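Visitor: Each chain is listed here by its residues.
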Amino acid sequence: NAGVTQTPKFRILKIGQSMTLQCTQDMNHNYMYWYRQDPGMGLKLIYYSVGAGITDKGEVPNGYNVSRSTTEDFPLRLELAAPSQTSVYFCASSPSLLSYNEQFFGPGTRLTVL
Amino acid sequence: AQTVTQSQPEMSVQEAETVTLSCTYDTSESDYYLFWYKQPPSRQMILVIRQEAYKQQNATENRFSVNFQKAAKSFSLKISDSQLGDAAMYFCAYGLSGGGADGLTFGKGTHLIIQP
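If you read the sequences in order, they're chains Z and Y. Counted from 1, the first sequence has number 56 at position 56 by this note's numbering; the numbering is strictly sequential. Positions in the second sequence are counted from 1; adding 1000 to them yields this note's numbering.
Since the hints were derived computationally from the structure, they do not count as laboratory data. Treat the hints loosely; a few may be bogus.
To be verified - Result set (PhoX-like, lysine-lysine): computed pairs, CA atoms no more than 25 Å apart in a straight line: (1) Z/Lys57 / Y/Lys1078; (2) Z/Lys44 / Z/Lys14; (3) Z/Lys44 / Y/Lys1070; (4) Y/Lys1055 / Y/Lys1078; (5) Y/Lys1055 / Y/Lys1070; (6) Y/Lys1108 / Y/Lys1078; (7) Y/Lys1108 / Z/Lys44; (8) Y/Lys1073 / Y/Lys1108; (9) Y/Lys1073 / Y/Lys1055; (10) Y/Lys1108 / Z/Lys57; (11) Z/Lys9 / Z/Lys44; (12) Z/Lys57 / Z/Lys9; (13) Y/Lys1070 / Y/Lys1108; (14) Y/Lys1108 / Z/Lys9.
Computed from a prediction, not measured in an experiment: that's the story for all the values here.
If we strip away everything but chain Y, and leave its shape as in the complex, we get (with noise of 0.2 Å):
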């Protein structure tokens, strides 16, 4: 079975600063994707960035990037210019590939403090 471990219950970060999110995870699968979702104080489940598994290249979302060490097991979040509304729970999560049915395996979130 997959397991994801997010090892940060929580961060803090001043605002314009840049923070890192820490996420491994464990398969013994070689084509999957990788999720970082947000979910603020609304609960909405927001999808950050997505990562194919068989991409080398790490993802970008604007602010968002990926730190993807495939051999390592690991899928790290960095937010540049942090922002007040980017306070939230970030959750990462793992998913197969193939256009199966199976649904996400989530870590267990790291709450992301915002200083002003």
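The shape of chain Z in the complex, shown without the other chains (with noise of 0.2 Å):
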């Protein structure tokens, strides 16, 4: 198994860009999150779903929009960045049926708006 793959590694965007962030795990998890981890800082939610057709905003969802048409694949969308969206992107996904929610992360995206 892949895991959790995370597209591109790294991006730089000008302000007013857009762009779409690909997230894709293999493990048939049904539950599927986006964190920005801003330098210094711990990871903070931005939207998560439990399964296809259903998200859910986060701590941070501004500026961002998710959607989820398979279980595989959760892309991430900026839309007019912003300076403040600089940041590494992380996606993570988790199995619904355990009793704990253990997360299994992507290798991240890192984001530089100027």
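Two chains, two separate frames, one set of hints: put the complex together.
Guide: This is how it looks when you write it as structure tokens:
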């Protein structure tokens, strides 16, 4: 299994541009998450999904959108990029049948908005 | 809302010695899980150890062990026989149990330096 994969690894955007961060998992996990990690900080939850067609906001959703059309994919859309969105973005997945919420992380995408 | 606090931004230890990283958390829930994640320079988040709140026994994984004090809401990580490969950022995280979809709440992290 490849686990959780994310593309791209790095990206530089200009202010006002848009982009989609891709996330795919091959573990048949129902739950998927997007986090952002600002310099010197822990991860903060942006959006999460409990299954195809169901998404919900996390702690810091403003400026982002998500969709979940399949179990495997959970893309994160940035509209009108701003310097405040410069961060490292992590996608994670979790099996829903377990009693604990252990999450498996992708390698991250480093995004810089100039 | 739950919060996780790591009060040590940076810790340094000699190779082969023991180091303890501190974590405190705040929650009104009684059933939850606590985690320590390691983040090396590669940025990959790696699960080090997990503790179920309903278990009194402290979790252990080889050289890694925790001291879980539920009443004090404290969850420290002890690394024995430190190795150069242990150098990384370490994050303490909290999550609700019950198979729910809630994300994890992370602390700000502790940068662990291993001196050869």
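Visitor: Decide, hint by hint, whether the structure agrees.
Guide: Here is what the structure says about each hint:
no. : hint                  : verdict
1   : Z/Lys57 / Y/Lys1078   : violated (35 Å)
2   : Z/Lys44 / Z/Lys14     : holds (23 Å)
3   : Z/Lys44 / Y/Lys1070   : holds (24 Å)
4   : Y/Lys1055 / Y/Lys1078 : holds (18 Å)
5   : Y/Lys1055 / Y/Lys1070 : holds (10 Å)
6   : Y/Lys1108 / Y/Lys1078 : holds (18 Å)
7   : Y/Lys1108 / Z/Lys44   : holds (10 Å)
8   : Y/Lys1073 / Y/Lys1108 : holds (17 Å)
9   : Y/Lys1073 / Y/Lys1055 : holds (14 Å)
10  : Y/Lys1108 / Z/Lys57   : holds (21 Å)
11  : Z/Lys9 / Z/Lys44      : holds (19 Å)
12  : Z/Lys57 / Z/Lys9      : holds (24 Å)
13  : Y/Lys1070 / Y/Lys1108 : holds (21 Å)
14  : Y/Lys1108 / Z/Lys9    : holds (23 Å)
Hint violations for this structure: number 1 only, all remaining hints satisfied.
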